[in-house]
Each structure stands twice: as C-alpha cells, then as structure tokens.
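Going down the list, the sequences are from chains G and L. The opening position of the first sequence corresponds to residue 232 in our numbering, with each subsequent residue numbered one higher. The opening position of the second sequence corresponds to residue 2 in our numbering, with each subsequent residue numbered one higher.
Nothing false has been slipped in among the hints.
In silico EDC-like links for lysine to aspartate or glutamate, alpha-carbon gap of 20 Å or less:
id	chain 1	residue 1	chain 2	residue 2
1	G	LYS434	L	GLU39
2	L	LYS40	G	ASP430
3	L	LYS12	G	GLU447
4	L	LYS27	G	GLU429
5	L	LYS40	G	GLU431
6	L	LYS27	G	ASP433
7	L	LYS27	G	GLU447
Non-contacting residues of chain G with respect to chain L, defined by C-beta distances greater than 10 Å in every case (computed):
id	residue
8	GLU275
9	GLU285
10	ILE290
11	LEU293
12	ARG342
13	GLU345
14	ASP426
15	TYR463
16	LYS524
17	GLN528
18	PRO537
19	ARG556
20	PRO593
It is worth saying that the hints were derived from the structure and are not from the lab. Note that the Cβ used here is the ideal one computed from N, Cα and C, for glycine as well.
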Amino acid sequence: MAFDLTNEEKAESPYGDEEKIKSNILTVNMGPQHPATHGVLRVEIKTDSEIVTEAIPHIGYLHRCFEKHAENIDYRGIIPFVDRMDYIGAMNMEHGWCLAVEKLLGTEVPRRAEYIRVLVAELQRVASHLMFFGTYSIDLGAFTPFLYAFQEREFILRIFEEISGARLLYNYIWIGGVWNDVTDDQLNRISSFCDNMEDEIDKYHNLVGLNKIFVERTARVGVMDKEMCYDYGLTGPILRSAGVKWDLRKDRPYSIYPEFDFDVPVGTGEQGTVGDCWDRYWVRMREMKESLKIIRQVLEGIEAGPVMGKVSKIIKPPKSEIYVRTECPRGELGYYLIADGGKIPYRVKVKSSCFTHVSALPAVAPGQMIADLVATIGSIDIVLGEVDR
Amino acid sequence: MNTATPPLTFKSYFGNIWTAFRTIFKGLTITTRYIVAEKPVTIEYPEVREVLPELSRSRLYNDVENCIACNQCATACPVDCIYIASTRRDKEAPKIKTKDGTPIRLNLTQYTIDTALCCYCGLCTTVCPTQSLTHTTDYEYSQYTVDEMKYNYLEEDIKAWRDRIVK
Chain G
232 MAFDLTNEEK AESPYGDEEK IKSNILTVNM GPQHPATHGV LRVEIKTDSE IVTEAIPHIG
292 YLHRCFEKHA ENIDYRGIIP FVDRMDYIGA MNMEHGWCLA VEKLLGTEVP RRAEYIRVLV
352 AELQRVASHL MFFGTYSIDL GAFTPFLYAF QEREFILRIF EEISGARLLY NYIWIGGVWN
412 DVTDDQLNRI SSFCDNMEDE IDKYHNLVGL NKIFVERTAR VGVMDKEMCY DYGLTGPILR
472 SAGVKWDLRK DRPYSIYPEF DFDVPVGTGE QGTVGDCWDR YWVRMREMKE SLKIIRQVLE
532 GIEAGPVMGK VSKIIKPPKS EIYVRTECPR GELGYYLIAD GGKIPYRVKV KSSCFTHVSA
592 LPAVAPGQMI ADLVATIGSI DIVLGEVDR
Chain L
2 MNTATPPLTF KSYFGNIWTA FRTIFKGLTI TTRYIVAEKP VTIEYPEVRE VLPELSRSRL
62 YNDVENCIAC NQCATACPVD CIYIASTRRD KEAPKIKTKD GTPIRLNLTQ YTIDTALCCY
122 CGLCTTVCPT QSLTHTTDYE YSQYTVDEMK YNYLEEDIKA WRDRIVK
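Can you build the whole structure from these sequences, using the hints too?
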C-alpha cells in the first residue's frame, strides 16, 4: 500500500522517503467461515504485506461438551457421541471407545467381529484419506480431483450404509462386537473395490501429486521436522512424514493388527525436504495402499461365526481406570476412562490428535506466504469436530 | 529446517518448464479420459430417486398397536427425544395382545418423538421387545417449523404413513 507519509513517519520508516511505502502489520481473520479452514477454525493472521508474521488459531466454535456429556450417558449411549467427534473417521473413533470399555469389562470379542472391525476401520481410513486428497486439492485450486476422490469415497459410504444403516455416523461397532454381520456379496464387492482402488491411487498421484504446480505449492512448505513433532506431540501421518517410523498398529498393537502384514510409509523428502506438505500428502496416499493391503488380508482370513460377544444388558465396569490409544486416520486417539462401578462413566478424557496438530500451527506459520499457510492448514488435515469435541 | 529453494540455473530453469508441461499434459490425459469414456455417476435427484438400502436408518415409525409402553426406547435414547405417557389398563377391559403375542397391560396415551432432536443412532429400535419401533427408509420429511417435527404416533394422520412406508 502506498501512502503519503508525514515527516515523522518518514523518519521512522525503514524504507526512507523515496520508497513511500509504509510497512505496517495488518491483522486478517481467516475463518471461521472460510473454505480453506476445513470447518469452523478461525486463524488470526498478522501479516506484513504477503508474509505471515504470526498465526493464532482460535478454536471452540464447534464445542459440544462431549466430555461432560459422557458423564451423564451410559456406555452404549456414548457411541453415537463418539461418532460425532471425528465425523470423517467415525469408525475409528468407535473402535477406540469400544476397545477401552471392553478392556475394563474384560469382554472377549468374537473373531469374526474383530475381522469386521479391522475391515471397516481400514475402509474408513481410505475414505478419510480420500477426503483429505479431495479437499487438499481444492485448497490448492484444483477442483477436479475432489470429484474423482468423492466418487470412490461414495462406494465406501454406500457399503457402510448397507452394513450399518448410516452413511457418516454409524453406531456400528458396539461394545462386545459389531451390530450387524457382513454378507459375502458385500465382501466380494469390497474385494473388487480394492483392485480398482490401487489403480485409482496411481491415477490420483499422476493427476495431482506429480503435477509441477502442486509440487511448487507444497514442496519445502510448512516443514514440520522430527524435533518439532516430538516437541508438540504430533502423531499420525505428520510424524511419519517427518521420517519417524511410528504406527500404533505396528508398535503398540491392538485388536488383531499383529496378524496382518503391512508397511509403515515414512516421508523421504522426495520433492523437497523431509516433513514438508508434499511429504504429508504422499505419506497419506501410500497409507491408503497399505490399508488396501490389510483389507485384502481380512477378506482372505475372515472366519464364520457370531459377530456379537456376551455382554450383559446393563454395562457396569468395575471401579478402575484405563488409557487406550488407537491409530486413527489423523493420528493418535486416546481415551482416558475412569469408571466408578456405576452405569455411567465417572470421567472421560479424549486425547485428540487434531487438537495437538492445530497447536503446532503458530510455530510453522511465521515467515510463510498467506497462500502457503492455506497449504499448511490443509496438509495437517484437521477435523474441527475432533479439535473442539 | 531447509526451506530454501535450490538455486536457479540455466538447466533447472528450462527443466522446470519442461516438467510443468509434461506433468500437466499427463494430468489432462486423465481428465480427458473422464470426459470421453466415463459415464456420469450423479443422478438428478427429484426426478431420479435412489432406493436406500434396507437397513438404512431414517425417520422413525412406531406401530402403536404393537407398542407395550415399556419405556425401554426412551431409556436407551442418548438425546432423550422420546416422550411416552401411559395409563394402567382396567382389569375388566378385554385382553389384547401385540402381533407377537405379548400382552398389553398399559394404555398408551402419548408417544411422541422429536425428530428434530433425534440423532438416528438406532439404539431405540434395537431394544424394542416387540419390534414396533422401527427405522424406515423414508428420508423426505422436511417441515416449515421445528414444532412440526414432533410426531405423536397416536394421531390419525401419522398412522396413515403406515401404508406408505412400513413394509
């Protein structure tokens, strides 16, 4: 902005009076209703012309008091609320909650139910990463990949609707098993979807990931290196993109994950530096392939049998406390649950990955262009339902 | 953190241009294939309607003739959107039974579900002992006011849905 400066300002201005430019810090509010913030996140940005000097995320617009609510509802009734935390990866949220309560109760889950749980959790991971791929390309100005990604995601949602009854908020994984059985026809369709999906991921990567414009927008942008991940407690694909081979499914196995053979993709800095936005994108794309690998093994190994274990009608865990953590599409999800022997939990604390990821934003943002900040926010893939809870 | 771009040389300058052309062409071949070879996957909604899967959870329907007013659905509901009122049946009154033979001991006077509050979790239908409360696959029921979303299933006009949506 060019101003006619007063004499006093000319004396103060670092550019001298010839430039006639006054450098001033401008505060811009990005969000809460901004298409690039993926929900209702408000980022207060202090900008020096195009350069971001400070970014302060303001959260809480989607706060629904989950933790307080959970102290008033029985263990079964919490499952629909758990769905609504991370509504893009609802199956994974349910899985973690049910594992926590089952550990308190000491319930045995039938083998078939375990297989179905892993199946739906991995399908959900693919759906979630497809959502990331679609919205991230929209953030960076490409609309077409979004439509392609949603076409494949639609198949997963349709399968979920058939087996669980809902498209987004399933209430499918129950304490002691799963609600409904999967038919052979559905398993066959998932199998053919897996074959199709491999080619689709390669196609997406050719369409977007290797595109020079995309690479220029994402490589060397928003670098979150190993030290930063340790400092801020970043987990999931962000930690892996920084080159750390850490996946709870492999390193702290739960459910029947130890029986499956899959790799943990890590960022290598192929296009820029390790831990930049492009690496985060590429880790997620490769994770989808690993998920498909797991799904194939589930389809081969699935056993016949009941899908619901023996659980009493009223769930009353003994007086105890537990912390269970699972690997969700966005990172590590932890439930800290205190039971006092009654029908309702005494305290539920959720350690959500998105919340910690947002907290790292002020550390990455300074020195970036505003457009790069959009790319950074998109690449950490937050769901505001999980941030605020 | 090494965020600096590598220095621009004569070779890398033209190399970048060549890569840009190559990758954009690669992407455009994919989109062109979609234009030419792929069939549209979207449907034009009001004219073409998708049939929802059988298990799909949409509007709740309570077949009040089979309801024994046991209150289990209202207890299971995590958002407390089911309101039930009932009175004790006279001993002299003729004995009636539900479809599956459960004797009805209470007269249902009110069975209201606030559909605007309902979260479609399906917990109420699974606890129903007589299967009178079910999720239908009917999803087109928008209203002008929130009050209209409260359905008392004892009213005649709501009983009339039965023929339309209950199989």
